[in-house]
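**Q** As a plain string of letters, each chain reads:
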Amino acid sequence: MESEKTVLGPTLEIQGEIEGEEDLVIQGKIQGKIISKKNLTVDGSGKVEASVHTATLDVSGVVIGNVEATDKVEVKREGKMVGDIKAPRVIIADGAKFKGNIEMGVD
Amino acid sequence: MTPGVIGKGIRIKGELRGEEDLAVEGRVEGTIALKHNHLIVENSAVITADVDVQNITIKGEMRGNTAASDKVEISTEAKVIGDIRAPRIVMEEGARFRGVVEMDVKLPPGLL
Amino acid sequence: MAEEKVTTTIIGPTIVIKGKLKSDEDLVVRGRVEAEITSTKAVLLENSGIIKANAQVHSARISGAIVGNITAEARVEIAPDGRMVGDLNAPLIVINDGAAFRGRIDMPNFEEARTVEPKLEPTPESLLDSGPPVFADESQDGIAPILEDAPAFAAAAPGEVDSAIVFPPIAGDEPVRPEKHGKRKRLY
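Residue numbers (the numbering used here), protein chains in the order written: chain G, 4 to 110; chain X, 2 to 113; chain Z, 10 to 197.
If you are wondering where the hints come from, they were derived from the structure by calculation, not from laboratory data. Incorrect hints may have been included.
Claimed, not checked - Only pairs whose alpha carbons sit at most 25 Å apart, straight line, appear in this in silico BS3-like list of lysine-lysine:
(1) G/K102 - G/K50
(2) G/K8 - Z/K29
(3) Z/K27 - G/K40
(4) G/K32 - Z/K27
(5) G/K50 - Z/K27
(6) Z/K31 - G/K50
(7) Z/K29 - G/K36
(8) Z/K27 - X/K107
(9) G/K79 - G/K102
(10) Z/K61 - X/K107
(11) Z/K27 - G/K8
(12) Z/K27 - G/K36
(13) G/K40 - Z/K61
(14) G/K41 - Z/K29
(15) G/K100 - G/K83
(16) G/K8 - G/K41
(17) G/K83 - Z/K31
(18) G/K89 - G/K79
(19) Z/K50 - G/K32
(20) Z/K50 - G/K40
(21) Z/K29 - G/K50
(22) G/K41 - Z/K50
(23) Z/K50 - G/K50
(24) Z/K31 - Z/K61
(25) G/K89 - G/K50
(26) Z/K29 - G/K32
(27) G/K8 - Z/K31
(28) G/K50 - G/K75
(29) G/K36 - Z/K61
(30) Z/K31 - G/K32
Unchecked claim - Restraint-style ranges between C-beta atoms, simulated for each label pair:
(31) G/I67 - X/E94: 40 to 48 Å
(32) G/E16 - X/T32: 49 to 57 Å
(33) G/G103 - X/D84: 55 to 63 Å
(34) G/N69 - X/E103: 24 to 32 Å
(35) Z/D115 - X/R18: 42 to 50 Å
(36) X/S70 - G/Q34: 46 to 54 Å
(37) X/H37 - Z/P89: 20 to 28 Å
(38) Z/F119 - X/K14: 43 to 51 Å
Treat the numbers as computed from the prediction; the structure is a model and nothing was measured. We put the beta carbon where it would ideally sit given N, CA and C, even for glycine.
Please put together the full structure from these sequences, using the hints given.
**A** Quick look at the structure:
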């Protein structure tokens, strides 16, 4: 069964709020707030200036904002992130750019 | 039922009422009431009237308001100015229309 | 030469977007968009989709529900399952049987005469007068038909011309010789 996936293409610019219960791939520019219950992917061309609440986040583009994930956050080698991360698992790949605080594992 | 025809060379000014289908090829100014019938405004017709019908097919020029109990069809060659109230409306590509359309629109809950 | 990739955005059924949305690619809406849409391409509102906002687009096809005004450069089509409450402004509009629409419809260039049919003007006061119906292309005050040997066009001519018949300059072509001989400055 094919899972639903939303792809916000490279020419898309959204200012405001995005909410979803399906996987979300961002290739354009988002400013505001993203709330996802599934997997959020910011592709190479993607630029997110927003607060993010998600299950998982994969960053190959740019994310500027605080991120809260219930599962995992991964900033890939090509990725760049400025903001705080709060997630049980965090991966910052070799070569990735990151600036902010990381809070892992809640006790 | 073969429709009655108002030919190209006929011009009517006043109240037109009837109980049969009607095709207008000429000019009518005033009001047209064919409450249980089909009015066809042919290509050559020019209607300047408010119209109360069951169905209407507009292929010519019409200025006036239309009330149809069944369907309004605006063809490609038509030019219509006026308001329309009907449960069904069909507008073909190329038709020229200007006015307000009133139909019952059932929207998902909480949308309006 | 860089190859331009044509992309399409699909907004899935569980997605809700609020705010403002700008796009230069086709947009398929299956979820809920409460964001003002500005697009240079097409917006396809599918049956499950909802738009609650105004949209300024190149073209649109509505199969879902929209509450908002649509202004389109090219064309709007309301499919049989489409439902719209709002105003439509587009040069070409198609409403299919079964569609539900409530609002105003306006078309730019509404008054432009068709290339095929003669322009008909109603003459309310003279309806009972004798005489055959008057068609605009026969009347004196209607728009004059364009004839091949028509005299000077109103279009601005770059230079002065003394001869009676003037042909608009066509860049790159040989200068056109007027029928009548007369003093004539080069138009370009």
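**Q** Next, verify each hint and record whether it holds.
**A** Hint by hint, here is what the structure shows:
1. G/K102 - G/K50: 16 Å, holds
2. G/K8 - Z/K29: The given pair, whose Cα atoms are some 21 Å apart, holds under the 25 Å limit.
3. Z/K27 - G/K40: 17 Å, holds
4. G/K32 - Z/K27: At roughly 14 Å apart (the allowed maximum being 25 Å), Z/K27 and G/K32 satisfy the hint.
5. G/K50 - Z/K27: 18 Å, holds
6. Z/K31 - G/K50: 14 Å, holds
7. Z/K29 - G/K36: 12 Å, holds
8. Z/K27 - X/K107: Distance ~23 Å between Z/K27 and X/K107 Cα, so the pair holds.
9. G/K79 - G/K102: Satisfied, since the Cα-Cα distance of roughly 14 Å is no more than 25 Å.
10. Z/K61 - X/K107: Distance of about 15 Å is within 25 Å: holds.
11. Z/K27 - G/K8: 19 Å, holds
12. Z/K27 - G/K36: Answer holds: Z/K27 to G/K36 is near 10 Å, not above 25 Å.
13. G/K40 - Z/K61: Status holds; Cα separation ~23 Å.
14. G/K41 - Z/K29: 23 Å, holds
15. G/K100 - G/K83: Judged against 25 Å, a Cα distance of about 5 Å means the pair holds.
16. G/K8 - G/K41: 10 Å, holds
17. G/K83 - Z/K31: 24 Å, holds
18. G/K89 - G/K79: Holds - the C-alpha atoms of G/K79 and G/K89 are around 17 Å apart, at most 25 Å.
19. Z/K50 - G/K32: It holds: about 17 Å lies between the C-alpha atoms, which stays within 25 Å.
20. Z/K50 - G/K40: 30 Å, violated
21. Z/K29 - G/K50: Judged against 25 Å, a Cα distance of about 16 Å means the pair holds.
22. G/K41 - Z/K50: 29 Å, violated
23. Z/K50 - G/K50: This hinted pair holds, its Cα atoms lying about 22 Å apart.
24. Z/K31 - Z/K61: 15 Å, holds
25. G/K89 - G/K50: With a Cα-Cα distance of about 20 Å, the restraint between G/K89 and G/K50 holds, given a limit of 25 Å.
26. Z/K29 - G/K32: 12 Å, holds
27. G/K8 - Z/K31: Cα-Cα ~20 Å, so holds.
28. G/K50 - G/K75: 19 Å, holds
29. G/K36 - Z/K61: 19 Å, holds
30. Z/K31 - G/K32: Holds - the C-alpha atoms of G/K32 and Z/K31 are around 10 Å apart, at most 25 Å.
31. G/I67 - X/E94: 40 to 48 Å: At roughly 46 Å between Cβ atoms, X/E94 and G/I67 fall inside 40 to 48 Å, so the hint holds.
32. G/E16 - X/T32: 49 to 57 Å: Between G/E16 and X/T32, where Cβ atoms are some 52 Å apart, the hint holds.
33. G/G103 - X/D84: 55 to 63 Å: 59 Å, holds
34. G/N69 - X/E103: 24 to 32 Å: Given range 24 to 32 Å: violated, Cβ gap about 49 Å.
35. Z/D115 - X/R18: 42 to 50 Å: 32 Å, violated
36. X/S70 - G/Q34: 46 to 54 Å: 51 Å, holds
37. X/H37 - Z/P89: 20 to 28 Å: Because 26 Å falls inside the window, the suggested range holds.
38. Z/F119 - X/K14: 43 to 51 Å: 26 Å, violated
Hint compliance for this structure: hints 20, 22, 34, 35 and 38 are broken, all remaining hints hold.
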